[in-house]
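S.K.: Respectively, the protein sequence lines represent chains A and B.
Under this note's numbering, think of the first position of the first sequence as 94, with each following residue one higher.
Under this note's numbering, think of the first position of the second sequence as 94, with each following residue one higher.
Hints are computed from structural coordinates only; laboratory data are not their basis.
This structure is a prediction, so every number in the text was calculated from the model and none was measured.
There's no promise every hint is true.
What the hints assert, rightly or not - One-sided and incomplete, this derived list gives chain A residues near chain B with beta-carbon spacing under 8 Å:
#1 I112
#2 E114
#3 T152
#4 D153
#5 G226
#6 I227
#7 T369
#8 T386
#9 F392
#10 H395
#11 V407
Just so it is clear, CB atoms sit at the ideal spot from N, CA and C, and this is done for glycine as well.
There are 2 protein chains.
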Amino acid sequence: MIKIGLLGFGTVGSGVYEIIEKEKNNFRTLLGEEIEISKILVSDLNKKRNVNLPPTLITDNPYEILNAPDIDIIVEAIGGVKHAYKYVTLALENDKHVVTANKAIVAKYMDELLALAEKKGKGFLFEASVGGGIPIIKSLKQNIRINKITQIKGILNGTTNFILSKMTDENLSFNEALELARKLGYAEADPTDDIEGYDVARKLSILSSIAFKTKTNYNNIMCRGINSISKLDISMFKKLSLKVKLIGNAVISDNFFIDKEFSASVEPILVNENSTFASVNDAFNIVSLMGDTVGEQHFYGHGAGKNSTANAVVSDILDLISGEYKFSKLIENTITIPAGVKLFKGKYYLRVAPASKTQIPKIFNLLNKNDIKYEIISINEDLILLTELISADTMEHFIKQLKLSHDNYCYLRIEGKIESKKYAEVLS
Amino acid sequence: MIKIGLLGFGTVGSGVYEIIEKEKNNFRTLLGEEIEISKILVSDLNKKRNVNLPPTLITDNPYEILNAPDIDIIVEAIGGVKHAYKYVTLALENDKHVVTANKAIVAKYMDELLALAEKKGKGFLFEASVGGGIPIIKSLKQNIRINKITQIKGILNGTTNFILSKMTDENLSFNEALELARKLGYAEADPTDDIEGYDVARKLSILSSIAFKTKTNYNNIMCRGINSISKLDISMFKKLSLKVKLIGNAVISDNFFIDKEFSASVEPILVNENSTFASVNDAFNIVSLMGDTVGEQHFYGHGAGKNSTANAVVSDILDLISGEYKFSKLIENTITIPAGVKLFKGKYYLRVAPASKTQIPKIFNLLNKNDIKYEIISINEDLILLTELISADTMEHFIKQLKLSHDNYCYLRIEGKIESKKYAEVLS
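Start from the sequences, fold in the hints, and give me the full structure.
M.R.: Rendered as structure tokens:
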């Protein structure tokens with residue numbers, strides 16, 4: 094009999110409970126062993142719940158679970174950092190396996206918690222922390238056994254993807270789309286974490302740490318949000334057959350084993366409207382990786398939601414019990430050098446709304462000074478242009494020198510090619 | 094020291110050899126054990142090869158490998174059915190694990206070989222048999238632990254995907270595109286297996302057997318090839334914002350646990366041009382599955398090719414050695430009832446080139462008799478129409494009654510919605 098202690102009975106926690114109850118008999122056949130959730134930590138013992146929990150099953154004292162000698166696996170589903178970190182650490186120290194869905198503690202303490210788990214000979218698994226029902230952590234672990242991963246990128250946030258989809262498909266402004274997302278419960282009261290890309294940065298730091306076998310610090314990921322994109326921008330993207338997506342992207346340099354350089358960013362990117370990334374709408378997530386042997390792989394699925402996230406947690410639990418989970422050192426402690434956004438290259442879309450017409454020559458001067466070649470698309474209202482292929486560093490440098498307020502410009506790197514036909518149409 | 098016997102040194106075999114040579118040190122660190130390819134079966138000992146193999150490493154006698162007491166794992170990479178089946182069976186009987194990339198023997202003998210492997214307590218793994226570098230077999234095995242899979246579908250053949258891409262992007266006829274595929278080495282001298290969908294049917298039978306936990310017999314998969322699609326059809330698809338893809342598709346009935354019914358087919362399907370499936374071009378493959386808990390998942394990657402296929406083989410080898418591979422009964426021996434294509438439903442695109450104008454009223458009569466409602470799109474050259482939502486059974490029945498030669502019609506089920514704007518444009 095394998096006993097599980099469940100910390101938290103919110104969306105993910107209750108989902109895990111329901112799957113284990115429903116599949117009890119299947120799991121017994123599969124594992125040759127019974128699984129039981131033997132205790133659940135809740136914040137309010139008297140709260141009315143959709144699921145009827147026996148009073149003996151719940152507790153509001155975490156230590157009743159964390160110190161219970163007969164509990165084998167702790168599922169952490171309370172979220173947040175402070176308490177979750179304390180409980181997970183104690184669980185590992187008390188020789189329990191830990192499964193978590195908490196991206197915040199994994200992004201922050203991954204190396205430390207993996208080292209502690211290694212020391213104790215226990216598992217620390219976190220499939221559910223990135224991409225909901227997409228088995229990306231396990232796939233990455235599997236791939237790095239054979240492949241050097243050179244790039245990992247993904248659409249990893251449902252809120253911003255919903256907003257961008259609505260702006261594109263229904264011609265809503267950013268604020269209108271955000272309001273709609275709020276109304277439908279897809280955006281939180283304070284949506285900063287989603288809108289500014291911080292949520293994606295946490296997920297990207299987890300993925301790239303595994304992909305590159307070195308902790309990618311969250312603070313070294315450049316974040317740019319989606320709120321500078323206007324209706325005018327969206328209409329231009331359509332004319333160019335492009336679609337905007339908030340993408341987390343991490344790459345290593347060609348000489349990574351020597352110079353240890355990597356670039357990582359979360360920013361809105363323009364992709365071809367018939368690309369796979371363009372087809373990822375609303376609450377779906379996608380992760381793409383590039384391995385030197387296997388080539389390009391994509392993994393796509395529900396990025397969040399009770400069932401798919403709980404599915405990932407239970408999958409980790411089954412791996413622990415069946416023995417399919419095998420320890421391997423994920424973080425090899427080699428030092429990496431954050432190279433800003435230097436390693437990213439592309440053509441850029443740039444729109445500037447100059448405060449006055451007199452500013453326009455200054456902008457052109459600045460482009461020339463930075464050796465940025467461009468073609469003007471429109472100069473009627475705002476100034477809109479496409480640059481030639483440049484490094485992201487060059488673009489960021491130029492933008493800083495522009496010294497304009499954030500509301501007055503929008504710039505996006507373009508992935509893939511613009512069809513020359515589209516280009517000609519827009520320029521004519 | 095783990096010793097591997099390699100049967101075959103063609104594309105896949107040499108790829109496996111190269112990865113293991115290149116990653117030897119990494120694998121030693123990862124597994125705490127040395128891996129060695131100790132013998133390779135070749136058909137011609139004196140053949141000149143790109144890789145320099147020591148003469149002691151190669152043999153033309155399979156039994157020198159299959160009966161070697163010190164060999165732990167056999168990699169079967171000779172292809173074909175007769176010999177491969179014999180060797181794999183003997184390897185398992187001689188208490189060796191088997192890893193194969195051979196879809197033909199897996200599709201045909203999966204249940205038998207899995208049962209033999211179970212009896213001997215050995216692994217029979219075949220990740221490389223479907224979808225090249227896409228880890229779809231492992232992902233399926235992982236998903237069925239928790240999920241009831243209700244549908245599995247995929248683009249699984251590079252040759253036909255290349256041909257359809259060229260027909261769409263470069264306005265080539267089917268024959269021109271096939272000729273180009275031949276020239277570039279993407280199509281074999283006799284391309285029947287690819288063109289008619291038999292290759293995909295083999296892969297689909299493997300996937301759906303695992304997904305539905307019951308052997309899906311290859312013979313119960315309805316196959317329709319892509320050679321009836323004309324330039325006129327392609328231009329119509331573009332007007333409707335649709336794209337044609339050869340898709341293998343298997344579904345179970347809503348009451349599968351009672352009626353045991355499933356439908357499986359390989360046929361060209363029309364998908365929305367901005368869907369994920371439409372974005373899969375040339376040599377890439379995609380597999381989508383629908384699980385009752387995890388929801389929809391897609392897996393995308395290189396469908397064939399030396400490195401990605403060899404990567405899948407080596408991944409299986411590592412799972413065997415590390416112990417990550419755990420036996421679980423895949424085929425549960427419950428009986429399924431092949432329900433033809435009854436469970437598929439959709440609107441259909443239909444083009445008929447009547448031998449004479451007098452045939453047209455007969456066609457309309459037949460549509461009415463079969464209770465198929467439709468809208469006519471064009472009647473200038475060929476008759477082109479779109480039906481309302483009907484079952485695939487109804488459509489197949491109607492087509493049989495048409496009694497026309499294959500060159501004279503083309504019909505395709507439409508997945509997803511046609512935008513009403515596009516519809517109106519085409520009808521006007």
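S.K.: The structure should be examined with respect to each hint, and the outcome stated for every one.
M.R.: Quick rundown of the hints versus the structure:
1. I112: 6 Å, holds
2. E114: Hint on E114(A): violated, closest Cβ of chain B at ~13 Å, above 8 Å.
3. T152: 27 Å, violated
4. D153: 29 Å, violated
5. G226: 4 Å, holds
6. I227: 7 Å, holds
7. T369: 4 Å, holds
8. T386: 5 Å, holds
9. F392: 6 Å, holds
10. H395: 4 Å, holds
11. V407: This interface hint holds because 6 Å falls under the 8 Å limit.
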